[in-house]
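Asks: Given the coordinates of chain A, assemble chain B onto it according to the supplied hints.
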Amino acid sequence: MSETGLRELTLTVNGRNHAVRAQPRKLLADVLREDLRLTGTHVGCEHGVCGACTVLVDGQPLRSCLTYAVQMEGHEVSTIESVATKGRLSVLQQALHEAHGLQCGFCTPGIVMTFEAFLRQHPDPSEAEVREALAGNLCRCTGYQGIVLAILRAAQQMRTEP
Amino acid sequence: MGQENFHYIGQHAPRKEDYRFLTGQGRYVDDVEVPGALHACFVRSPHAHARIKSIDPGLALKIDGVVAVFTGQDLAQWTTRQRMAPPIEGLQPMEMDALPIDKVRFQGDPVACVIACDRYVAEDAAELVQVDYELLPAVTDMWQAMAPGSPRVDDALPSNLLSHQQASFGDPSARKREAYRVVESTFSMHRQTHLPIETRGCVALWDAGRSHLTFHVGNQVPHPYRTTLAARLRLAESQVTIISQDVGGGFGQKIALYREELVVAAAARQLGQAVRWREDRMENLLASSQAREDFCRTRAAVDADGKLLGLELEIVEDFGAYSFYPGNYLARVVAMILTGPYKVQDYSYDVRVVLSNKVANGPMRAPMAITSWLMEGTLDAVARALGQDPLAVRRLNMLSAHEYPYSMATGEVLEDITPRQTLDAAVEAIDYDSFRRSQKASLAQSRYLGLGICTVVESTTYGSKFYKSAGIPGSGHEAAWIRIEPSGVVNASVGLGPTGQGYETSLSHAVAEGLGVPLTQVRVLLGNTDIAPYGMGSRGARGGTAGGGTLVLCARQAQSHVLAIARHQLGLAEDVPLRMLDARVQRKQEDDWQDTRLSLADIARQAYLDPTSLPAGMSPGLEFHQTYDPPPMTYSNSTHVCEVEVMAETGAVHIRRYVVAEDCGTVLSPVVVEGQQLGAIAMGLSGTLFEHVEYDANGQNLTGTLADYLVATACELPHIQILSMHTPNRRTPAGIKGMAEGGVMGAIGALSNAVADALAPLGVKVEKQPLTPMYLRALIRAATVSNKETA
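Protein chains in written order, with my numbering: chain A, 245 to 406; chain B, 9 to 799.
Isolated chain A (complex conformation) (with noise of 0.2 Å):
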């Protein structure tokens, strides 16, 4: 391994705190999944458009292939891994599970990021909305159509049990 330029990092990822040396060049996506082995976080495009890569930070979403590992320190990333807890499926996983919202599940982590973070935002989207919302995120495998029924299903759950 090439030691020029290696950093020394601490990064709060899913509530834990990891020291991590890295290139400052190096993009949260690598780190997470090489340094850190969340391999959750998929790489689709490598620039910004695919939506795979998608992570939360301060409760907001992020490609995680457009963000330096270095930029986030001091800031709190939440990854796919984080989600169901004690082996529990979340309300939106559940949804996506039964609404048949995924095949392939490589743009899945992606889409369950941004969509947790959203129907926090929104909780009574209409369709409409949530297309635009899930226009962030490529699936190839789905036509969409059970991943829409998927999150408005779970925003109607989530809303009558929170």
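Wrong hints could be hidden among the right ones.
[Stated by the list, open to error] Reference listing, derived: stretches of chain B covered by chain A, where coverage requires no fewer than 3 residues with Cβ under 8 Å from a Cβ of chain A:
1. 20–31
2. 200–213
3. 256–264
4. 501–512
5. 687–693
6. 718–732
[Claimed, not checked] Pairwise CB distance ranges, derived in the manner of DEER restraints:
7. B:Pro101 <-> A:Gln315: 51 to 61 Å
8. A:Thr256 <-> B:Asp618: 53 to 63 Å
9. B:Ser477 <-> A:Thr404: 54 to 64 Å
10. A:Gln315 <-> B:Gly157: 53 to 63 Å
11. A:Thr256 <-> B:Leu279: 33 to 43 Å
These aren't lab readings, by the way, just hints derived from the structure by calculation.
Backbone N, C-alpha and C fix where the C-beta goes; we use that ideal spot for every residue, glycine too.
Replies: Coordinates of chain B only, in the frame set by chain A:
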């Protein structure tokens, strides 16, 4: 038309794969952890066509962390060339090196491979490899490719015409002479790419002590892939294990052995160290595999009512620069099945496939995608030429139920399909007559509504007989094993390579049905060539019929074995009917099935741990193996109806409604099948509206990012209404037909026909895809100008 005779097939159960995907615990290629693995990065040609004069890796090798730079010369020592030369009339043989040595043939062609300690360093170094090129003129258009004196893409071939096939059935020329009208139509489909959200990639581990290669790669056909990889590395097949765990979409892009993968495998072996490669999106768009790009012409000879008397088809396909598949592989199927559900015996085709300085073509979900647009667009053109209703013209020409089995002019036999039923159901659901009324009323207000109908006969499963008759080496059979373990749980495997379809779920239905056990008791193991039996993998729409069919047969074999043990144990005569349901042995008494005291677990324990108590001569254990060769071809059918509004001011297309009636026979998992229907339609719509790999006249690819290669998002795709039908195929296990590509075929045709219908009042002909606002606006503008001039 139901499928009520089954206990497990057709159950609406959610997928088994979902939990790991939803929680970020999938295992895609790049998730495989290999400590100390080196990273590969490819140096790619910036030119479409150029001689390689020299390659100087000097500067790259000076970078800290760079281990090696390999070129085509190096790889030639460690690998064999690929030769694509099946004995097909009219097809030129083609050969390909592991990496080009003499010249590059498209922008993105790999010329060298840098191996370094990490991907960042490998990419830095790749930029420092100096390649001296001598530019050659590029072939970037199919007509230029065929022009006399055109530059040759492959110097070993006499011309760029890679494949040319013609056939004539009946007497189409005579029918043209007798016809009331001959309606000529043209259709151009643009170059597209598969765009799996997970790009290509691989990890190669060479174990020098065992002389064994373990190769992780996302692949649809793990065993045939292993055969090819082993041969090209001069290894025995037993020296290679292919592992393809979770795959983030394939759509046909992950079938062939790519040169990058071969190089990574060879490099790992040479260096004695693991090497991995993760393709980036630009490489995927510039250098993986592309598809389509056809020009087609039909000439329909019809009588005054629009009845088809004869039909001629011409196809020219731009195949790109290399043969990863035989050149005729994609376009010829279109010609074989064009006429689909319509009655016409006087038919001819002429199919030319040409080379160009572009990425090589491969099968993309529905390689024969253009078929239904060609046929249905032709019928629409006939209706327009004669002033007839397009639905009436379809009904006039469509085969009736009593005419099946029907031998198409090409000799392909259609049976157990129901196009009239799907057509009736779809037009009824959309309320055809009331649409025509509202279309008329809207037109009076200068609003352009259109409705497109597209009936699809989808060739799904290709049996070995089809390959044989088409002259293609290969087999359509599949293999499976089932092991009932001592506790009574069931492991099963088949040679399919899953790429996200949900095979672990749908194939569990097949095993559960054949054996009589709950879905939860079945585990399906796929994607490891040391575990799965040698099968032909996942391609076309063969998963259900070939994979599911083989497992149904294997599971039935297992059930009858288990019941033989049970009969012996219970001391019952041969004529007492027994069956297994929910992993319990049941016997028929009068008209009722009654539980016996035996469960599958009891039998399993006995078979493994007390074999001396088995019936005389029976072997211990419960292991079963089965191979199965499906019929020459199976077909599903569907009718797609799409309603659009085209904005005359902007050329924008808004899809207002979309209905599909699909009869894909017995459905293993309705959840998985519905997902395939929706996904296929989405891919067809997206391709028709947006997706376009564009090359300029110099062969520079203009669509190297997802900001340039556009795909439909959730905002552009409509809600799709599905009407399901289930007419079983009589020749396959459980009546399975296969499906998953017809949606692409139908969507392309229904949407294009709808837009053509919307703009027909302007006198506009819609002959080209993609249906971009720019293209449609240009048509509308030209029509408006010429209409004014006429007025």
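Asks: All the hints need checking, so say for each whether the structure fits it.
Replies: Cross-check of the supplied hints:
For the segment 20–31 of chain B, the stated coverage by chain A holds: 9 residues have a C-beta nearer than 8 Å to a C-beta of that chain, and at least 3 were required. Figure legend: the segment 200–213 of chain B, annotated as covered by chain A; annotation consistent (5 residues with Cβ-Cβ distances under 8 Å, at least 3 required). Coverage of the segment 256–264 of chain B by chain A holds in this model, with 3 residues showing a Cβ closer than 8 Å to a Cβ of that chain against a need of three. Proximity of the segment 501–512 of chain B to chain A, defined as three or more residues with a beta carbon under 8 Å from a beta carbon of that chain, is established by the 4 residues found.
Residue count for the segment 687–693 of chain B with a Cβ under 8 Å from a Cβ of chain A: 4. That meets the three needed, and the coverage hint holds. Coverage of the segment 718–732 of chain B by chain A holds. Counting CB-CB distances below 8 Å, 7 residues qualify, and the rule asks for three or more. Between B:Pro101 and A:Gln315, the C-beta spacing of about 54 Å keeps the proposed range 51 to 61 Å intact. Taking 53 to 63 Å as the suggested C-beta distance range, the pair A:Thr256 and B:Asp618 conforms, at roughly 58 Å.
As the Cβ distance of B:Ser477 to A:Thr404 is approximately 60 Å, the hint placing it in 54 to 64 Å holds. In this structure, A:Gln315 and B:Gly157 meet the distance hint of 53 to 63 Å, their C-beta atoms being roughly 57 Å apart. For the hinted restraint 33 to 43 Å between A:Thr256 and B:Leu279, the CB-CB distance of approximately 38 Å keeps it satisfied.
Of the numbered hints stated above, none is contradicted by the structure.
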